[in-house]
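*Asks:* Letter by letter, the chains look like this.
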Amino acid sequence: MTGRSMWFEQAFAVCAKDLRIEFRERTAVSAVVLFSVTSLVVLGFALAGNNLAREVSAPLLWVVMFYAAFSGLAHVFTVEEDGGTSMTLQLAADPTAVYFGKLLYNLALLSCVALIAVPLFLVISAVPVPYPWKLIAVVSGGSFALASAATMTGVIVAKARGRGALFGALGFPMVLPLLIMAVVATRNALNPESMAWEPLRDVGGLIAYGTMMGAASFLLFPYVWESN
Amino acid sequence: MEIDATVSATLRKVSMVYGRRTVFRDICSSVESGSVLAIAGPNGSGKSTLIKIIAGLLQPETGDVEIRFQERLLDPLHRRPLIGMVAPDLGLYGSLTGIEHVQLFAKLRGLRYGIETAGELLARVGLKARRGDPVRAYSSGMRQRLRLACAVLHAPRILLLDEPYMALDTSGVEVVRSLIDEQRRRGITLIAGNDERELALADERLSLVGSSG
Amino acid sequence: MRGTIGLHWQIAAGLFLTLTTWGGMAYVRPAMGFLYPDGARIIIFHVPCAWIACLAYITAAYHAVGVLRKPRDWFRSDASCEAAMELGLLFSLLTTVTGSIFSRLQWGAFWSWDPRQTSILVIMLLFAAYLVLRSAVTDPNLRARLSAAYALLAVVPGLFLIWVLPRIVNTLHSGANQAVIGGGMDAQYRTVLYGLALPGFLCIYAWLMRLRIRAAMVIAAGSN
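Residue numbers (our numbering), protein chains in the order written: chain A, 1195 to 1422; chain B, 44 to 256; chain C, 23 to 246.
Note that these hints are calculated values from the structure, not bench results. Incorrect hints may appear among the rest.
Said to hold, decoys possible - A few chain C positions that, by computed beta-carbon distances, are all more than 12 angstroms from chain A:
{"#": "1", "residue": "Ile33"}
{"#": "2", "residue": "Gly36"}
{"#": "3", "residue": "Met47"}
{"#": "4", "residue": "Val69"}
{"#": "5", "residue": "Phe182"}
{"#": "6", "residue": "Arg236"}
{"#": "7", "residue": "Ala238"}
{"#": "8", "residue": "Ser245"}
What the hints assert, rightly or not - Derived contacts from chain C toward chain B, CB cut-off under 10 angstroms, selection only:
{"#": "9", "residue": "Pro93"}
{"#": "10", "residue": "Arg94"}
{"#": "11", "residue": "Asp161"}
{"#": "12", "residue": "Pro162"}
{"#": "13", "residue": "Asn163"}
From a predicted model like this one, the values you see are computed outputs, not experimental measurements. C-beta atoms are modelled at their ideal positions from N, C-alpha and C, and glycine is treated no differently.
Please construct the entire structure, taking both the sequences and the accompanying hints into account.
*Replies:* Next up, the structure:
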């Protein structure tokens, strides 16, 4: 087996292991789902049948996405630190492969959040969606960037033995630029005038942010992962 | 299998400091293939810390650990495949089964273990009957057996055992003995512990004195 | 260096900052293009604060690389990184406050969600988050490594805030943005800004850095 294919095998093994554990324990998924459903139900109650303006609905959607993501994404590393398994994993696997596996897992988790939160949000807020594919593109790009930023912040918080409050404090400045971009892009995607939409700026910016975060994390992760 | 004399570990003036407390200072030692070194010392003398430094999990304050394999000096990045380790604070995944642990760690080491091979390994450490149970349901002795299985599945050249007898019954002790015998033919074994039965398995002994303040 | 903690830096900072105050308050003419022409004088203090906040981040990132590259003897790099981050927080705070005062005079509100304002706010949050992370970890080695990684990760949002964000959000409030970035900076302002304020702020930054690092080394030596 060549080095590169072994690296991918390691990464997929880490991701598959986390998915299997999550499938059996459902800690992160239940936290995330509960959070998005609760917040959206409160939103629906407050609206009580009134429609939301496009300008307000875009930030609301991303506020729900951000908090839902941050209630679940740190779990993937804190669980390793709490159980003492991070050392077991360090002995066996390449750190960058561990990072990639965890990123894949967080992407899966966040896709799950998006699949639940976005349709529910659209039903409750009754915002018209003129071009569904634009919204799908923005939500996918935004989720990728969010997962990328949250994964690295998550490992720092887990190593610091911190909890939710620290994750929020460290994560917020890391994701704020992408949240602003995502809000602007969502607003443009929901705009019925097709002039407002610029794929390169709206989705490209999010993907660029996620890629840059991923690249920086890739370089920095081994230093954090291997400090005991 | 012939004795493969190509692996060696050398500690050069290794010291470790936690805050103000010096755990140990200027440890020098050397182990060659085929031999078993015991690391003895009272509680808090840094036995586990030294094991972790050799495994590359901790960075010593001064000095370094040289590992040579086939006459080549290995940088820390290339040591991982050579090392297998058992320690009380190495965690296991509560909701994965014994067999899933073996398959996971084999895959991470770049090996393919089918159910059969993994089952044979687990039978060897005495976990055959409970191999399909989640580790959460294991007793501490069974967990220790699973740690042993995960430490040797890639036939490591350097086997680091921190309190290998922890929580083990008589048959478990036999498993450790046979693993060490096998390791003698493969490379180096280091045993850290307080139990005289553990330390008696070694040919040489390194005594840590413990901190004086 | 017994007794004199960078005395020359102190003297230089005092000299240049006195001249800056004179330059900003008396030498430059009120800027006529503005709603309150005298209010524009705050630019002389606002802009160097923003520069120093940026410089502090660059220094911190440089020392963070040092921490991660050195398995041992990282202590001084770590202390320098922390000192730079603390000064970054201080100067970004000063930037925000002076900017808000100017914003109140010029646009009638202390805060107008201009992209530049958003940027400095998030950068301030990054400095603060770094210090929060440090306070959460007790082991010095672990603290050095985690906070260095966080400091370097902040490069990504930092670059986006400075270069990308103003271009994306520009379309929404281009008017406000133009007034902050370009505007009527005449030669007098530039002379005082580059000739007096910039060296003065650099000197005070250098002096504070040295003082802060030395204090960290003394504290560490005392606790051992």
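*Asks:* With reference to the structure, classify each hint as holding or not holding.
*Replies:* Status of each hint after checking the structure:
1. No Cβ of chain A approaches the Cβ of C/Ile33 within 12 angstroms, the least distance being about 37 angstroms, so the stated non-interface status holds.
2. At roughly 35 angstroms, the least C-beta separation between C/Gly36 and chain A is larger than 12 angstroms, which holds for a residue marked as non-interface.
3. Every CB of chain A is more than 12 angstroms from the CB of C/Met47 (nearest about 35 angstroms), matching its label as outside the interface.
4. Remark: the non-interface label on C/Val69 is consistent with the geometry, its nearest Cβ contact in chain A lying 23 angstroms away (cut-off 12 angstroms).
5. The Cβ of C/Phe182 sits about 4 angstroms from the closest Cβ of chain A, inside the 12 angstroms cut-off, so the non-interface label is violated.
6. No beta-carbon of chain A comes within 12 angstroms of the beta-carbon of C/Arg236; the shortest separation is about 27 angstroms.
7. With 12 angstroms as the threshold on Cβ separation, the claim that C/Ala238 sits away from chain A holds: the shortest Cβ distance comes to roughly 20 angstroms.
8. With a minimum CB-CB distance of about 21 angstroms to chain A, C/Ser245 clears the 12 angstroms threshold, and the non-interface call stands.
9. Of the supplied interface hints, the one on C/Pro93 holds, with its beta-carbon coming within about 5 angstroms of a beta-carbon of chain B, less than 10 angstroms.
10. Evaluation of the C/Arg94 hint against chain B yields a held restraint, the C-beta minimum of about 7 angstroms falling below 10 angstroms.
11. Annotation: C/Asp161 was flagged as interfacial toward chain B, and the flag holds, the nearest CB pair being 8 angstroms apart, inside 10 angstroms.
12. For C/Pro162, the suggested interface contact is upheld, since its CB lies about 7 angstroms from the closest CB of chain B, less than 10 angstroms.
13. Hint status for C/Asn163: holds, given a least beta-carbon distance of 8 angstroms to chain B, under 10 angstroms.
When held up to the earlier numbered hints, the structure conflicts with hint 5 and nothing else.
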